[in-house]
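Whenever a hint applies, use it, and build me the whole structure from the sequences.
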Amino acid sequence: ANVACFLPRTKISAVTVGNEVLTGNNTTLVRSLVPAMQSVHAALASLGLEKQVVVTTAHSLGVLETSYPPSAGSFRRDLAPYFSQLLAFLAKTGSPFLINAYP
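Quick note: the sequence shown, position 43, residue 73 per the numbering used here, numbers continuous.
Since the hints were derived computationally from the structure, they do not count as laboratory data. Misleading hints may appear alongside valid ones.
To be verified - Derived pair list, reagent style BS3-like, types lysine-lysine, alpha-carbon separation capped at 25 Å:
id : residue 1 : residue 2
1  : Lys122    : Lys81
2  : Lys81     : Lys41
3  : Lys41     : Lys122
What the hints assert, rightly or not - Pair by pair, the computed Cβ-Cβ distance ranges are:
id : residue 1 : residue 2 : range
4  : Arg39     : Arg106    : 37 to 47 Å
5  : Pro100    : Leu37     : 34 to 44 Å
6  : Ala34     : Ser104    : 37 to 47 Å
7  : Ala102    : Leu77     : 35 to 45 Å
8  : Asn55     : Phe127    : 31 to 41 Å
9  : Ser101    : Pro65     : 26 to 36 Å
10 : Thr96     : Lys41     : 21 to 31 Å
11 : Pro100    : Ala34     : 20 to 30 Å
12 : Ala66     : Leu91     : 20 to 30 Å
13 : Ser104    : Ile42     : 13 to 23 Å
14 : Tyr132    : Ser62     : 17 to 27 Å
15 : Ser101    : Leu77     : 38 to 48 Å
16 : Arg106    : Gln68     : 38 to 48 Å
17 : Pro38     : Ser104    : 19 to 29 Å
All residues carry an ideal CB built from backbone N, CA and C; glycine is no exception.
Following this line, the structure appears as structure tokens:
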């Protein structure tokens, strides 16, 4: 609802919920991430904005078990239970997967 008052004057295409949550130490936040994203998506849908504004979250490179060479990249196995739920949500809503790629 907070984004609706800014549309269409401001182009808002995505809302990120949290930042690098899966690589933090707060297990409550990790478990709450996808439900929070679902709630934000539901709020946008109630306003008819779910196609215009997608919901996602950003991850650090720490979610990768292997990052070099890039063709061998793989996610950390301990995060698999969270990724399956997260990726299902992103696929269902057509939302992007975001990585903060710091040098």
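Status of the hints after comparison with the structure:
1. Under the criterion of a C-alpha separation no larger than 25 Å, the hint pairing Lys122 with Lys81 is consistent with the structure, at around 12 Å.
2. For the given pair, Lys81 sits about 13 Å from Lys41 by alpha-carbon distance, which is consistent with the 25 Å threshold.
3. Distance restraint check for Lys41 and Lys122: the Cα-Cα separation of roughly 23 Å lies within the 25 Å cut-off, and the hinted pair is therefore satisfied.
4. In this structure, Arg39 and Arg106 meet the distance hint of 37 to 47 Å, their C-beta atoms being roughly 41 Å apart.
5. For Pro100 and Leu37, the hinted distance range of 34 to 44 Å is satisfied, since their beta carbons lie about 37 Å from each other.
6. Look at Ala34 against Ser104: about 39 Å separates their beta carbons, and that is inside 37 to 47 Å.
7. At about 43 Å, the CB distance of Ala102 to Leu77 agrees with the hint of 35 to 45 Å.
8. Restraint check, Asn55 to Phe127: a C-beta distance of roughly 22 Å breaks the suggested window 31 to 41 Å.
9. Evaluation of the 26 to 36 Å hint for Ser101 and Pro65 yields a pass: the beta carbon distance comes to about 34 Å.
10. Distance hint for Thr96 and Lys41: a CB-CB separation of about 36 Å, inconsistent with the stated range 21 to 31 Å.
11. One distance hint, 20 to 30 Å for the beta-carbon pair Pro100 and Ala34, is violated here, with the actual separation near 39 Å.
12. Between Ala66 and Leu91 the Cβ separation comes to about 23 Å, which falls inside the hinted range of 20 to 30 Å.
13. One distance hint, 13 to 23 Å for the beta-carbon pair Ser104 and Ile42, is violated here, with the actual separation near 33 Å.
14. Distance hint for Tyr132 and Ser62: a CB-CB separation of about 25 Å, consistent with the stated range 17 to 27 Å.
15. The hint said 38 to 48 Å for the Cβ distance between Ser101 and Leu77, and at roughly 42 Å that hint holds.
16. For Arg106 and Gln68, the Cβ-Cβ distance of about 23 Å falls outside the hinted range of 38 to 48 Å, so the restraint is violated.
17. Judged by the Cβ atoms, the range 19 to 29 Å given for Pro38 and Ser104 is violated: they are separated by roughly 41 Å.
Hint compliance for this structure: hints 8, 10, 11, 13, 16 and 17 are broken, all remaining hints hold.
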